[in-house]
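**Q** Sequences and hints are given; from them, build the entire structure.
So you can see what is in the structure, the chains are spelled out below.
Number of protein chains: 2
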Amino acid sequence: MKKNVTAAMIVIGDEILSGRTKDLNTGHLADIMTAIGIDLTEVRIVADDEPAIVAAVNALRSAYTYVFTTGGIGPTHDDITADAVSRAFGVECRYDERAYAMLEAFYAKREIEFTDARKRMARMPAGAEHIENPISLAPGFRIENVHVMAGVPTIFQAMLDNVVPTLTTGTKLLSESVHCPYGEGVIGELLAAIQKEHPETIIGSYPKYRDGSFWTELVVRARDPQRLAAAKQAIETMVAGLEGSKGM
Amino acid sequence: MKKNVTAAMIVIGDEILSGRTKDLNTGHLADIMTAIGIDLTEVRIVADDEPAIVAAVNALRSAYTYVFTTGGIGPTHDDITADAVSRAFGVECRYDERAYAMLEAFYAKREIEFTDARKRMARMPAGAEHIENPISLAPGFRIENVHVMAGVPTIFQAMLDNVVPTLTTGTKLLSESVHCPYGEGVIGELLAAIQKEHPETIIGSYPKYRDGSFWTELVVRARDPQRLAAAKQAIETMVAGLEGSKGM
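Chains A and B are the protein sequences, given in the same order. Numbering of the first sequence is given in this note's numbering, commencing with residue 1 and proceeding in unit increments. Numbering of the second sequence is given in this note's numbering, commencing with residue 249 and proceeding in unit increments.
Keep in mind that the hints were calculated from the coordinates and are not lab data. Glycine included, each C-beta is placed from N, C-alpha and C at the ideal position. Treat each hint with caution, since some may be false.
Chain A side only, calculated, beta carbon under 8 Å to chain B, not exhaustive [unchecked claim]:
| id | residue |
| --- | --- |
| 1 | 78 |
| 2 | 101 |
| 3 | 115 |
| 4 | 213 |
| 5 | 215 |
Residues from chain B that face chain A, not an exhaustive set, calculated with beta carbons under 8 Å [what the hints assert, rightly or not]:
| id | residue |
| --- | --- |
| 6 | 266 |
| 7 | 270 |
| 8 | 278 |
| 9 | 293 |
| 10 | 299 |
| 11 | 382 |
| 12 | 383 |
| 13 | 384 |
| 14 | 437 |
| 15 | 440 |
| 16 | 446 |
| 17 | 447 |
| 18 | 450 |
| 19 | 457 |
| 20 | 487 |
Once the Cα atoms are required to be at most 20 Å apart in a straight line, the calculated EDC-like pairs of lysine to aspartate or glutamate come out as [stated by the list, open to error]:
| id | chain 1 | residue 1 | chain 2 | residue 2 |
| --- | --- | --- | --- | --- |
| 21 | B | 270 | A | 31 |
| 22 | B | 270 | A | 104 |
| 23 | A | 196 | B | 331 |
| 24 | B | 456 | B | 424 |
| 25 | B | 367 | A | 189 |
| 26 | A | 22 | B | 465 |
| 27 | A | 22 | B | 424 |
| 28 | B | 270 | A | 176 |
| 29 | B | 456 | A | 132 |
| 30 | A | 196 | B | 298 |
| 31 | A | 196 | B | 297 |
| 32 | B | 420 | B | 472 |
| 33 | B | 367 | B | 331 |
| 34 | A | 119 | A | 104 |
| 35 | B | 367 | B | 352 |
| 36 | A | 208 | B | 380 |
| 37 | A | 196 | B | 364 |
| 38 | A | 208 | A | 161 |
| 39 | B | 444 | A | 116 |
**A** The following block contains the structure:
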């Protein structure tokens, strides 16, 4: 059996923390990680602030198999991710030769000046490898287990598509959902007992509220399909046995 | 002049990390904090895992003026926020007398059994104060600077409405946005110079990509309206001067 593989995400950007931009990248990463059997275990959203980025990178890269960052790799003064990640690793942030040549050729072909700002996009930590960007050319990069990607969702998603085949995936955490027309108060004890009887599964209870009444989405997760099926069966039996219950 | 007031958010729940539920509470909190002049500075999303919650609470409550948590305060076995927050503060997690009596009366009136699971919702750290829940009764709570609220967005929002009037607000960070029809590569150096000339403002550049072309949203933020206006003027002059520029 394969080992569990874990991941953490760092979302970098004042615009997310101010509410101006709503973060879509975490939800997308979560979906992809779940699909390929990697457990996304922690997410941090930090400001465009070097010490904050350095602290998050160093806390998470030692704790999880993979770290993904999004945001702060463009050509403007507030794009400081390459510097911060370099500092986190204690290596120089310098022009990457291949990225520099690629961007230089790209702008030359279009007769656009290759300004210092545009050159910033070729900067990355010494020893980093490119993550290809099929949309706007400027690459993301990987250094050790940290993958640095763009914040614009379409570019983030395209870069992640290029990263996924390089990852060691785990045993996929399978998941089944059971609709429960009763509130959590009705099922709490019964569900706790089922969780206790099925220790190799993770049973989650997600309360929903709509139009003045409560219902619950019950989700059972397991790496083993038979254990999953057994716990799901127990939950369905519980729900069926509650017919006529009321309350929340 | 009032001091800056800072906040951090902890989103608790496996369902966010698996992608099954998309987090709406961070975006809502960010909007509200911005509106009342509190700087949301960090967000962490953690699993339903006591050590992870304890670590996040203790890291953030000492670093920021306020901490807000969302999720894990219902009646099921995976609702462990009250226990985790109690452990973070080193106090007992026990039935709160007033919450217990309130819930007991609520269920008695509806002739619904007050089960052990439902009683769980009356548990909170010793010394905590209620955060009223106008939707499903079970209160959130505050202990020192940590505000513990529900994960269901409608309930979270209702609880937050009750918390906001109790907060010390800061000087509101004012914000103005300038549409820039050019990519970041065009404006990078000019914008960096403007940032340098207007050090009491925060100038952010948010690249946008749509239908094969790039544009940029430029956002200037400041606590002082005159400084804000001066920087905005400089940015508008820059954008006007770029007419006919191309590239990204």
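**Q** Against this structure, judge whether each hint is valid.
**A** Status of each hint after checking the structure:
1. 78: 5 Å, holds
2. 101: Nearest chain B Cβ about 16 Å off; hint violated.
3. 115: 6 Å, holds
4. 213: Violated, because the Cβ-Cβ distance from residue 213 of chain A to chain B comes to roughly 10 Å (cut-off 8 Å).
5. 215: For residue 215 of chain A, the interface hint is violated, since the closest Cβ of chain B sits about 11 Å away, which is over 8 Å.
6. 266: 5 Å, holds
7. 270: For residue 270 of chain B, the interface hint holds, since the closest Cβ of chain A sits about 4 Å away, which is under 8 Å.
8. 278: 3 Å, holds
9. 293: It holds, given that the least Cβ distance between residue 293 of chain B and chain A is near 4 Å, below 8 Å.
10. 299: 12 Å, violated
11. 382: Status violated, d = 12 Å.
12. 383: 7 Å, holds
13. 384: 6 Å, holds
14. 437: Constraint on residue 437 of chain B satisfied, holds at 5 Å.
15. 440: With a closest approach of 4 Å, the residue 440 of chain B hint holds.
16. 446: Interface hint status for residue 446 of chain B: violated (12 Å vs cutoff 8 Å).
17. 447: 12 Å, violated
18. 450: Holds, about 7 Å.
19. 457: With Cβ-Cβ at 5 Å, under 8 Å, it holds.
20. 487: 14 Å, violated
21. B:270 - A:31: Holds. Residue 270 of chain B to residue 31 of chain A sits at ~10 Å (cutoff 20 Å).
22. B:270 - A:104: 40 Å, violated
23. A:196 - B:331: 19 Å, holds
24. B:456 - B:424: 17 Å, holds
25. B:367 - A:189: 11 Å, holds
26. A:22 - B:465: It holds: about 14 Å lies between the C-alpha atoms, which stays within 20 Å.
27. A:22 - B:424: 18 Å, holds
28. B:270 - A:176: 18 Å, holds
29. B:456 - A:132: Given that 20 Å is the threshold and the Cα spacing comes to 19 Å, the pair holds.
30. A:196 - B:298: Holds: residue 196 of chain A and residue 298 of chain B sit about 17 Å apart, inside 20 Å.
31. A:196 - B:297: 16 Å, holds
32. B:420 - B:472: Given pair residue 420 of chain B, residue 472 of chain B holds - Cα atoms ~9 Å apart, limit 20 Å.
33. B:367 - B:331: The hint holds at about 14 Å.
34. A:119 - A:104: 8 Å, holds
35. B:367 - B:352: The hint holds at about 8 Å.
36. A:208 - B:380: This hinted pair holds, its Cα atoms lying about 19 Å apart.
37. A:196 - B:364: This hinted pair holds, its Cα atoms lying about 16 Å apart.
38. A:208 - A:161: Violated, because 33 Å separates the two Cα atoms, which is more than 20 Å.
39. B:444 - A:116: 16 Å, holds
Figure legend: structure checked against the earlier numbered hints; hints not met, in rising order: 2, 4, 5, 10, 11, 16, 17, 20, 22, 38.
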